[in-house]
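Put together the whole structure using the sequences plus the hints.
Take the sequence shown: its position 483, counted from the start at 1, is 483 in UniProt numbering, and no numbers get skipped.
Do not rely on the hints blindly, as some may be mistaken.
[Claimed, not checked] Pairs of lysine-lysine, DSS-like flavour, derived with a Cα cap of 27 Å: (1) Lys238 <-> Lys224; (2) Lys238 <-> Lys225; (3) Lys206 <-> Lys302; (4) Lys430 <-> Lys408; (5) Lys320 <-> Lys392; (6) Lys120 <-> Lys150; (7) Lys148 <-> Lys120; (8) Lys148 <-> Lys163.
Simulated from the structure, these hints should not be mistaken for laboratory data.
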Amino acid sequence: AGRNSAMAAKAERLGTELSCSICLDFFKDPVLLECGHHFCRACISQVWDRAAGDLSCPQCRQVFSQRNMKSNQLVDNIVEIFRTETASSQSEKQDQVEGKELYCTEHEEKLKLFCEEDDKAICVICGMSRNHKTHNLMSITEAVEIYKEKLEGSLQALQNHLKQASESLIQEVKERKTLQAKTASLRKQIEEEFSKLHQYLEEEEKNLKAKLEEEEKKHLETLKKSQEAITKEVSRLKRTVTEIEGCLQYNSVEMLAEKEMEPLIFRCCKQNPSVHECWNQLIVVNLCEGEFIGPLQYRVWKRMKSIISPVPESVAIDTKTAHRRLIVSEDRSSVQFSDEYQGVPDNLERFINRFAALGPEGLTSGRHYWEVKVGDTRFWSLGVVRESVERKKTTVPSPVNGFYLLCKNFSFGVYYARWANLPLTVEPRKIGVYVDYEGGQVSFYNADNMSHIYTYTDTFTERMYPYFRTFSDGAKNKFDRRFFKN
1 AGRNSAMAAK AERLGTELSC SICLDFFKDP VLLECGHHFC RACISQVWDR
51 AAGDLSCPQC RQVFSQRNMK SNQLVDNIVE IFRTETASSQ SEKQDQVEGK
101 ELYCTEHEEK LKLFCEEDDK AICVICGMSR NHKTHNLMSI TEAVEIYKEK
151 LEGSLQALQN HLKQASESLI QEVKERKTLQ AKTASLRKQI EEEFSKLHQY
201 LEEEEKNLKA KLEEEEKKHL ETLKKSQEAI TKEVSRLKRT VTEIEGCLQY
251 NSVEMLAEKE MEPLIFRCCK QNPSVHECWN QLIVVNLCEG EFIGPLQYRV
301 WKRMKSIISP VPESVAIDTK TAHRRLIVSE DRSSVQFSDE YQGVPDNLER
351 FINRFAALGP EGLTSGRHYW EVKVGDTRFW SLGVVRESVE RKKTTVPSPV
401 NGFYLLCKNF SFGVYYARWA NLPLTVEPRK IGVYVDYEGG QVSFYNADNM
451 SHIYTYTDTF TERMYPYFRT FSDGAKNKFD RRFFKN
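Shown next as structure tokens:
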């Protein structure tokens with residue numbers, strides 16, 4: 001028995017090795033991939049047909065540039081031999097089982113009944129015995145039909161599960177490809193964004209160094225001319241000094257006889273004005289360090305804003321949309337909640353279902369960013385909404401209804417299918433809102449440190465408007481919210 005059990009275990013392991021990991025059945029037309037794994041030709045072709053992006057092995061995830069698969073006739077032959085031997089062995093076992101259980105071992109009568117309680121086939125004598133007298137009995141034929149039906153039901157369920165598992169595997173491969181493609185796209189965007197900054201900084205450095213070199217060259221040229229003039233004057237003075245020293249070696253008569261004193265004295269007293277000017281220039285030649293150092297990084301950063309996109313935009317408040325209990329400042333840069341209704345008409349654009357207001361300019365393309373100061377207020381909502389959002393009747397402020405919002409209602413959260421809390425470790429006092437219209441992205445940031453808070457993704461087809469909502473929590477004070485650029 002132990003030997004038979006070991007042989008059965010080996011056969012089971014061999015059967016597993018000869019089975020496709022996609023369909024979980026024996027290989028049919030097996031093919032070998034470059035990574036060394038085998039699959040049914042139809043199975044791997046189906047997986048690759050449905051996958052987006054690069055091709056990969058469903059087992060080890062190795063990526064391939066081409067559909068390289070080789071037929072493996074040897075494995076196909078082994079599968080066929082194993083299938084035949086397994087079927088023959090099972091047939092022999094079935095014959096043995098039928099031969100042993102055809103007759104009752106106790107009464108040597110044919111097994112014609114089936115006991116549901118004991119889950120076994122019995123003879124008629126066993127059925128009339130005390131052990132089975134109160135049990136539910138049925139004919140062997142009836143029991144076979146019942147269990148066949150149950151097995152067929154189980155088989156159908158297993159086949160459905162197998163189909164779902166195979167489809168899940170295909171979907172998982174597809175999701176992996178999608179993730180890799182998205183990651184590659186984001187990586188490229190990051191590289192492009194930083195490349196612009198690197199290029200700008202490199203050009204700024206190059207230009208500043210070139211200007212410094214030009215200044216150096218100009219001052220060196222001045223110093224060179226001064227040096228040449230001074231060197232020339234030094235030579236002249238040395239000659240004169242030598243001449244005078246030579247005269248002083250003569251006695252008085254010889255000195256007066258050999259030299260003309262007045263021209264010599266004139267040369268001694270003569271001063272070259274250009275040389276004198278060069279001496280003065282040595283003092284005034286000065287490189288202006290403030291132009292090259294100073295708050296250099298800050299100066300470059302301020303100039304660099306000209307290439308940054310998007311930069312914070314100035315967002316005013318559209319008074320035609322503000323709820324009648326909101327007070328909009330004269331410059332339309334801030335809004336306050338009021339206990340009293342304002343004397344404004346109930347026009348079509350105005351919100352009456354929430355204490356909200358919109359920005360006047362709708363977004364239909366491009367990337368945009370603005371910041372909103374929220375301070376320590378306990379209740380607010382901000383973000384963007386579609387132009388068609390309901391402004392009169394109460395609706396859930398979720399994306400399905402055109403709202404893409406970050407909210408604070410004692411705690412921070414967002415509405416998607418339902419309200420979801422956002423556990424923030426640092427409470428933001430200024431919120432940055434980023435919209436990429438073509439990319440279908442709305443993101444929120446803590447504008448003080450630019451840490452990411454939450455992102456919505458969708459497809460935008462309507463005009464999108466900046467949105468802000470503020471309301472009272474029962475306190476007497478009013479809330480001042482300001483949209484601003486810098």
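Tested hints:
A C-alpha spacing of about 21 Å is found between lysine 238 and lysine 224, which places the hinted pair at or below 27 Å, so the restraint holds. Among the hinted pairs, lysine 238 with lysine 225 is consistent with the structure: their alpha-carbon atoms are about 20 Å apart, no more than 27 Å. At roughly 17 Å between alpha-carbon atoms, lysine 206 and lysine 302 fall within 27 Å of each other, so this suggested pair holds. About 13 Å separates the Cα atoms of lysine 430 and lysine 408, which keeps this hinted pair within 27 Å; it holds.
Of the pairs offered as hints, the one joining lysine 320 and lysine 392 holds, with about 14 Å between alpha carbons and a cut-off of 27 Å not exceeded. Distance restraint check for lysine 120 and lysine 150: the Cα-Cα separation of roughly 16 Å lies within the 27 Å cut-off, and the hinted pair is therefore satisfied. Of the pairs offered as hints, the one joining lysine 148 and lysine 120 holds, with about 15 Å between alpha carbons and a cut-off of 27 Å not exceeded. Pair hint lysine 148 plus lysine 163 holds up; C-alpha atoms about 22 Å apart against a cutoff of 27 Å.
In this structure, every one of the numbered hints holds.
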